[in-house]
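Following the hints, put chain B in place on chain G, whose structure we already have.
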Amino acid sequence: MTRFEESAPVKGGFSFDLCKRNEMLVQKGLKPSSYLKTGTTIVGLVFRDGVILGADTRATEGPIVADKNCEKIHYMAPNIYCCGAGTAADTEAVTDMVSSQLKLHRFHTGRDSRVVTALTLLKSHLFSYQGHVSAALVLGGVDVTGPHLHTIYPHGSTDTLPFATMGSGSLAAMAIFESKYREGLTRDEGVKLVAEAISSGIFNDLGSGSNVDVCVITKGNREYLRNYMLPNLRTYVSEKGYSFSKKTEVLMTKITPLRELVEVNEGGDAMEE
Amino acid sequence: MGDSQYSFSLTTFSPSGKLVQIEHALTAVGSGQTSLGIKASNGVVIATEKKLPSILVDEASVQKIQTLTPNIGVVYSGMGPDSRVLVRKSRKQAEQYYRLYKEQIPVTQLVRETATVMQEFTQSGGVRPFGVSLLVAGYDDKGPQLYQVDPSGSYFSWKASAMGKNVSNAKAFLEKRYTEDTELDDAVHTAILTLKEGFEGQISGKNIEIGMIGSDRIFRVLSPSEVEDYLQEVE
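Residue numbers (this note's numbering), protein chains in the order written: chain G, 40 to 312; chain B, 250 to 484.
This is chain G alone, in the form it adopts within the complex (with noise of 0.2 Å):
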């Protein structure tokens, strides 16, 4: 028996057999079927100390707001986080995928991880699927060599820039960097226009809307701000709440406790020899 399971990477995710099929039956006229994707604006810039990095909190399902409050900012490493847009899925595994292999790097090396080593691992994962893990992401994190401001797009090209937007809302957000981004900004100045950024992609956008989340990267010390602000509060609840008419009558209550405690088998895990 010649069975040597190496640690190989297991065949799975991703197979390119059924896409063929799907063409055809959207030709036949079959709709295809709608995933989340998160609209959204992202947005990053370099100020004095570090990396800040913006994100909104809508993420959409065609035209229906799917997540009012859900989480864009990723974590990759102690001192890298990446803002995904495109996909929810996509953007949620690969960050995921790519932080789990960091991770082992960082037992491996016993150093901590570059932002160039995510970026290059991500690069070459979006660029083998060929743009089909539709994640567009905006990386940056501070290492030894300082901090780092990147851009990686579905089919796996980088750019690297001092501020970065990305997402449907990212026209808006750039205006705002455009006219007001100039280098050497401080902590607060480098928020207020990270804030300001993401919320004229909320207002102005469809596709991003809600919360304004924030996350300041400095060396050695990370600050993920959830919720920095709330543009979108529900301003108005009617302080009579609702009553609905009864419909049916409650003849009997009865209440049958469940059973509290699961059972555990104690002494189940020694080996016997």
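By construction, these hints were calculated from the structure, which means they are not laboratory data.
Worth double-checking, as some hints may not be accurate.
Far from chain G by the CB rule (all over 10 Å, computed), these chain B residues [unchecked claim]:
id, residue
1, Gly279
2, Gln282
3, Thr316
4, Leu317
5, Glu344
6, Tyr347
7, Asp389
8, Gly392
9, Thr428
10, His438
11, Ile452
12, Ser464
13, Asp465
14, Ser474
15, Glu475
In silico DSSO-like cross-links for lysine-lysine, where the CA-CA straight-line distance does not exceed 30 Å [to be verified]:
id, chain 1, residue 1, chain 2, residue 2
16, G, Lys162, B, Lys351
17, B, Lys299, G, Lys162
18, B, Lys445, B, Lys299
19, G, Lys258, B, Lys351
Fair warning: this is a prediction, and the values are worked out from it, not measured in the lab.
For every residue, glycine included, the Cβ atom is placed at its ideal position computed from N, Cα and C.
Below, chain B alone, put in the same frame as chain G:
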């Protein structure tokens, strides 16, 4: 061995019912440098001798105690390169577990996975068993735990254990000195004294390595200067 007709696989049963290669692997472990582990009431400590083949070797570049996850560490006795392969596989398995269940891998699960890998190498063609025994120290929701994994793939949970050259003396010493409610710092002292028992030459922060995990659930390898502090407390 006399069974040359079984020479296509190194792990065929001998007529007496033993797997001779595994016995030999255990001998390889037994001639490795002493390592030991002690489970305290609020943590676990593992330690090992770090005897380098020559004074010219840069001892700062050698690290025998490794971290598998932030809350699990491992030390070995036997062949260093074999242990590196296992450490690499274990780290990857811990990470895959996290990816799948979004939960840090419990110590028992990681030990089981590592033991499975070691067992696979005793039942495949063209490979040999690992020449290491591992002592895995971890702290999770079940509290502090210490496991030993052998080349055969069997694993045991220990309150205190030793492996390598000086195993019988070390175990006898540990049996005498171990108490159920020992604290982590006392356990470190006991570990140092146990290592000192069979140590040839002058013990110092540079030729032993100590790793510990407390209730903060972060596994750390002590720096040589920290080891020196503990050594001085023991003197």
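Structure-based check of each hint:
1. Gly279: Nearest chain G Cβ is 19 Å from Gly279/B, so the label holds.
2. Gln282: Check passes; 22 Å lies beyond 10 Å.
3. Thr316: Given a closest Cβ separation of 7 Å, the condition is violated.
4. Leu317: It is violated; Leu317/B is separated from chain G by about 8 Å at its closest Cβ, not greater than 10 Å.
5. Glu344: violated, 5 Å
6. Tyr347: violated, 7 Å
7. Asp389: holds, 12 Å
8. Gly392: holds, 13 Å
9. Thr428: Per Cβ check, Thr428/B is outside 10 Å of chain G; nearest 22 Å; holds.
10. His438: Holds: least Cβ distance 28 Å, greater than 10 Å.
11. Ile452: holds, 26 Å
12. Ser464: holds, 21 Å
13. Asp465: holds, 17 Å
14. Ser474: At about 18 Å from chain G, Ser474/B clears the 10 Å cut-off, so the statement holds.
15. Glu475: Per Cβ check, Glu475/B is outside 10 Å of chain G; nearest 18 Å; holds.
16. Lys162/G with Lys351/B: holds, 25 Å
17. Lys299/B with Lys162/G: The given pair, whose Cα atoms are some 42 Å apart, is violated under the 30 Å limit.
18. Lys445/B with Lys299/B: holds, 12 Å
19. Lys258/G with Lys351/B: Holds, because 28 Å separates the two Cα atoms, which is no more than 30 Å.
The earlier numbered hints that this structure contradicts are 3, 4, 5, 6 and 17.
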